[in-house]
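> Residue numbers (the numbering used here), protein chains in the order written: chain A, 1 to 404; chain B, 1001 to 1229.
FYI, nobody ran anything at the bench for these hints, they're computed from the structure.
There's no promise every hint is true.
Claimed, not checked - Looking from chain A toward chain B, a few residues come up when the C-beta cut is under 10 Å (computed):
id : residue
1  : Lys187
2  : Leu298
3  : Gly302
Said to hold, decoys possible - Cross-link-like lysine to aspartate or glutamate pairs, in silico, EDC-like; alpha carbons within 16 Å at most:
id : chain 1 : residue 1 : chain 2 : residue 2
4  : A       : Lys305    : B       : Glu1104
5  : B       : Lys1058   : A       : Glu399
6  : A       : Lys396    : B       : Asp1175
Cβ coordinates follow ideal geometry from the N, Cα and C atoms, glycine included.
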Amino acid sequence: MILLIVWRNIWRKKTRSLIIIFAVMLGILAGLFIVGVFTGMIQQQEEDTINHFYSHIQVHNPGFLANNEVQYTIRGAGNALATIEKDPQIKAASMRNIVFGMVASPAAANGAKITGIIPAKENPLTNMGVFIKEGTYFAENKKNSAVIGEKLARKLKVRLHSKIILTFSDKEGDILSGAFRVSGIYKTSNNQFDGANVFVNAYDVNALLGADSGYHEIAVLLKDDRRLDITENLVKSQFQSLKVESWTELSPESALLSGMTDYILEILMGIMMIGLAFAIVNTMLMTVMERTRELGMLMAIGMNKRRTFTMLMYETVILSFLGCPFGMAFAWIITWYFGKHGIDLSAFSKGLENFGFHTIIYPSLRNSSYIQVSIMVLITAFLAAIYPGLKAIKLKPAEAIRHI
Amino acid sequence: MNVIEVQNITKVYHSTKIPVQAVTDVSLQFQQGEFTALVGPSGSGKTTLLNMLGGLDKPTSGKVIINGEDITGFKDSRMIDFRLANIGFVFQAYNLIPVLTAKENIEFIMLLQNRPKKERDARVNELLAEVGLENKINDRPNDLSGGQQQRVAVARALASKPKYILADEPTANLDSTSTANLLDIMARLNKDENMTFIFSTHDQRVIDRARRVITLVDGKVSSDVTQGK
């Protein structure tokens, strides 16, 4: 019967109860949606980091990472790549030669990372073709073609088919130059990347550096993210003299952001829960005040403190939990809708792209987020109910009955 | 046999700057089956004395002994259990649980006593018939008149089969007909079930029906008269 009283008490002041239910619903909806947006942003960034920029694993000559100098190549890179590709867990792999130099046009010059790629192997690995805005990503197989970022093209004031000069040092430190023609202009979600990366055919770089110039980097994309540690260790054991790193080591800022998702959820929901707790405490204290006489009477006729406290706890928890499924359902619907259609944040594109985030965000929520939120609401409701409950059981029946 | 024995109880309230002595050195005995009215002007200590008899308040000094047990030293939790088992209350403002029906209000106290459903149902029906509200079984307090609510309150007080019933100005909010009805019911229960009733009241109609009238003035017993009805 206590539960019956609790249920009827909840509906005794319909408007007030509905306001609390609505507040809980709105809090959960807002909290989950913000978490969804944040998770979506981070997931997109993580996907870009793996699928377009770093792949899962990269292999280098240790000296190359320290000095970025052209002589630190991977000895027997071709054989190493062939060995790596034998692993059935590998989705795609390729080798690259990388030089740091200058890219110049008649109008301007800019520092750049010049990556020589093998287009046939690179396409399934980084899928950079999806970012091409103008031209193609080495589709025409023309000699001395270069694909540059939109930002760099703007800086250099060049367009498709414009001529650019790439300048860099060879092993001996002599300056080499080559004329290239812009065959493609790409635009990724990362402004910084677009302003400093030039892609050319690896054979063209080798032609400038010399036939025995070799390769500086092997990048590996896995079929399954969860195999990362196992495969990384396997490659490490195969090539002990080389530096083998996962994307989390190569891009610690992206890994940090990915790892922060849970903390962000906890912080955001924590803030929401504090607000919710205050609303619950306020409402329940009002309830205790309004029902002082009734509570006094209940204690006078023999309802013990445990039952009185439990009654108020039930009331609070049920009230809070009534809003919970609605909040979660709406959060699911809204996240699903925007997860499909995206949220266009192009008004903030400059800021977002500087940090490597997309301007269209696709919110995404993990099932565990819903469970986490339910548990947090339950705990908040319990904690928030304690103070009003204690207030209630401290009432003196004789005084409470006389309460007006 | 004394059901309740009050030994030199004094109650001083310290809630204001100047302590207020509500009851001063009162000693009384109540026996099984009494129908007693505590009367006196406002502020004479009637409600305070009644609260101490019911364990709702503790005396500053003195003892309240019920069935040989000194209840003044009881802890709050034990006192609540004691009240549940031994005392029925009827309040001036009815104080029914507004979200429960007449039946549920009466049943509630038996639920607190963990009585089986069969017994609860039988007792509820018996008591509702006793107070003449068989046809109001599913009505909530808001749907009942003041007199009907007070009759439900009496039924609720009796539901737990208490040793005695304390009623604080039970007729204060009732019209003449409702008062007469209620008094008839209580008098019948007193006679048929040998139930002890102790009222605090201003109401002459209640005083006229009481067999014993204790008058309090300034917290002291000024007279204790048995009317012999």
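> Give a verdict on every hint.
Evaluated hints:
1. The interface hint given for lysine 187/A is violated, since its Cβ lies 64 Å from the closest Cβ of chain B, which is over the 10 Å cut-off.
2. A cut of 10 Å between beta carbons decides the hint on leucine 298/A: the least distance to chain B is about 7 Å, and the hint holds.
3. Because the closest C-beta pair between glycine 302/A and chain B is about 3 Å apart, less than 10 Å, the hint holds.
4. In summary, the hint linking lysine 305/A to glutamate 1104/B is not supported, as the alpha carbons are separated by about 21 Å, beyond the 16 Å threshold.
5. For the proposed pair lysine 1058/B and glutamate 399/A, the alpha carbon gap of about 12 Å is at most 16 Å, so the pair holds.
6. Under the criterion of a C-alpha separation no larger than 16 Å, the hint pairing lysine 396/A with aspartate 1175/B is inconsistent with the structure, at around 31 Å.
The structure fails to meet hints 1, 4 and 6 from the earlier list, while all remaining hints are met.
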